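Those sequence lines, one after another, are chains A and B.
Residue numbers for the first sequence follow our numbering, so the first one is 1 and each next one is one higher.
Residue numbers for the second sequence follow our numbering, so the first one is 1 and each next one is one higher.
You can trust all of the hints, since none of them are fake.
The following label-pair restraints were derived from C-beta to C-beta distances: (1) A:Ala-18 - B:Glu-11: 22 to 30 Å; (2) A:Ser-23 - B:Glu-131: 23 to 31 Å; (3) A:His-96 - B:Asp-56: 46 to 54 Å; (4) B:Ala-148 - A:Ala-73: 35 to 43 Å; (5) B:Arg-149 - A:Ile-205: 36 to 44 Å; (6) B:Thr-142 - A:Pro-113: 23 to 31 Å; (7) B:Gln-126 - A:Asp-25: 29 to 37 Å.
No lab work stands behind these hints, which were simulated from the structure alone.
All of these numbers come straight from a predicted model, not from anything done at the bench.
Every residue gets a Cβ at the ideal spot worked out from N, C-alpha and C, and that includes glycine.
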Amino acid sequence: MSSDLEELARDGMRQFTATMQVSPDLAARTFDRHRRRHAVRGGLALGAAGVVAAAAVIAAVAHGPATKATPIAAPVLEARLLAALDTVSGDILYAHAPGAPLHGGQYPAYPQPGQEVHVRVGPDVGSDGKVYKDGEYSFTMPAANPAANYTANLDQGGLQLSGTVMTVNHFRHVWSECASTFILGFTLDAAGIRAEIADGQFTVIGPTELDGQQAIELKINVPPNNEAPPHIVAELMWVNATTYLPMRDYTRWSNGQQSVGDYVFLPPTPERLAKLRPVIPAGYTRVGCAQGTGSEPQTGSG
Amino acid sequence: MHYDEQRLALERFVAERGNRLLRTAALLAGSRADGEDLLQSALERLLRHWRRIDGDPENYVRRTLYNLAADGWRRRRVWQRHAVLLEPAPPVDPATAVDLRDAVVRVLVRLPPRQRAVLVLRYFEQLSEAETAEALGCSVGTVKSATARGLVRLREMTASAERAEAAAARERS
Numbered sequence: 001m002s003s004d005l006e007e008l009a010r011d012g013m014r015q016f017t018a019t020m021q022v023s024p025d026l027a028a029r030t031f032d033r034h035r036r037r038h039a040v041r042g043g044l045a046l047g048a049a050g051v052v053a054a055a056a057v058i059a060a061v062a063h064g065p066a067t068k069a070t071p072i073a074a075p076v077l078e079a080r081l082l083a084a085l086d087t088v089s090g091d092i093l094y095a096h097a098p099g100a101p102l103h104g105g106q107y108p109a110y111p112q113p114g115q116e117v118h119v120r121v122g123p124d125v126g127s128d129g130k131v132y133k134d135g136e137y138s139f140t141m142p143a144a145n146p147a148a149n150y151t152a153n154l155d156q157g158g159l160q161l162s163g164t165v166m167t168v169n170h171f172r173h174v175w176s177e178c179a180s181t182f183i184l185g186f187t188l189d190a191a192g193i194r195a196e197i198a199d200g201q202f203t204v205i206g207p208t209e210l211d212g213q214q215a216i217e218l219k220i221n222v223p224p225n226n227e228a229p230p231h232i233v234a235e236l237m238w239v240n241a242t243t244y245l246p247m248r249d250y251t252r253w254s255n256g257q258q259s260v261g262d263y264v265f266l267p268p269t270p271e272r273l274a275k276l277r278p279v280i281p282a283g284y285t286r287v288g289c290a291q292g293t294g295s296e297p298q299t300g301s302g
Numbered sequence: 001m002h003y004d005e006q007r008l009a010l011e012r013f014v015a016e017r018g019n020r021l022l023r024t025a026a027l028l029a030g031s032r033a034d035g036e037d038l039l040q041s042a043l044e045r046l047l048r049h050w051r052r053i054d055g056d057p058e059n060y061v062r063r064t065l066y067n068l069a070a071d072g073w074r075r076r077r078v079w080q081r082h083a084v085l086l087e088p089a090p091p092v093d094p095a096t097a098v099d100l101r102d103a104v105v106r107v108l109v110r111l112p113p114r115q116r117a118v119l120v121l122r123y124f125e126q127l128s129e130a131e132t133a134e135a136l137g138c139s140v141g142t143v144k145s146a147t148a149r150g151l152v153r154l155r156e157m158t159a160s161a162e163r164a165e166a167a168a169a170r171e172r173s
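So that you can see chain A by itself, here it is in the shape it has in the complex:
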């Protein structure tokens, strides 16, 4: 029944890989990494005390002071968190660095099948402080259960979507609006969090305080991964102890990189909804879809 598709897959895979060659230094890099790891493994025992001390510093920075509020059982927290996410499913969701101004945003926060969804990506600011790119993805949430597209730990999550991509390139003073297919990942945060929590992939650490508010700290159970770095080695999330909505998450990668992000859910007022749409300054030229996205300027921080 699938012979045509099988043949396409076969031909496509061959065509895709036909000209691929390994980097000339692959063997040397691999060998060097192997030797370094071999040496590191020998030194791990001696370095263990230092690692513990460093972890304590990171934990103190990320966690904030613990309080003596009543502990909560994981099943209770799970139920309350999922219920809380339902109550804000029609809000705009902003995810941003702590202290940074709200920008971008997704509406609705937890889209249901058939709903129109708008996701603003940007504005992106370069290292010179100038906005160089802005954009918006618009699509109709597929009829199929979107949660089914997420795996428990979100790593394979992502929705294959067809919709419209609007891009404003402030570096080149051009913009475009094109039909396209794209994959959205963790942008659908509420859905992603639901999937993760509902699968029981977390442990309740306990009550704490975050930015002056009572919070509950969760540890997301990251599966072991000793393969090619960087991969996620630790992940924490804080939810508001009163509303049970997600407040912040913290991720650490095997290469030492760390990131912290805050979640904000706000009702969709007309003013806020208007801000989801990127502004096209006067004088910008509309370009074809093959040119619209353009490349980032060299100063872009990404």
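Knowing the structure of chain A, use the given hints to seat chain B on it.
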């Protein structure tokens, strides 16, 4: 094996078999860059276990590639967690529109790792269902169902890509 001998052996192995292995790895991982990372991980394992491997080391590397890929190998989570776009499809332009074979590969790399691994082994490596099952350490029934599910998803996603291309073409006409 002494370090110098091991380095030489690895260089020879990569020179002789590297390109072929990279092509499989790239399909399993979704891109050439990720494929080379995946291959590097498999080669590191080879270095660790070379002395204990009987037979052709390529078999060991291939098996390692398959299993690392099918197990998810790397959590493909968005590194910039708050960046919205996970993997943008290239803008569709009828003038330079890629053909359906390219679309198939574009959607193939978005399948879950085990489904993708099964399809790569069955249609790129041309392994039988039994050989695929043996390579991935699962039953033939699992291979059959993963193949069927993978092809269904491939068909759906290819149709979606075709619709988007048609819409883009209409927009221009």
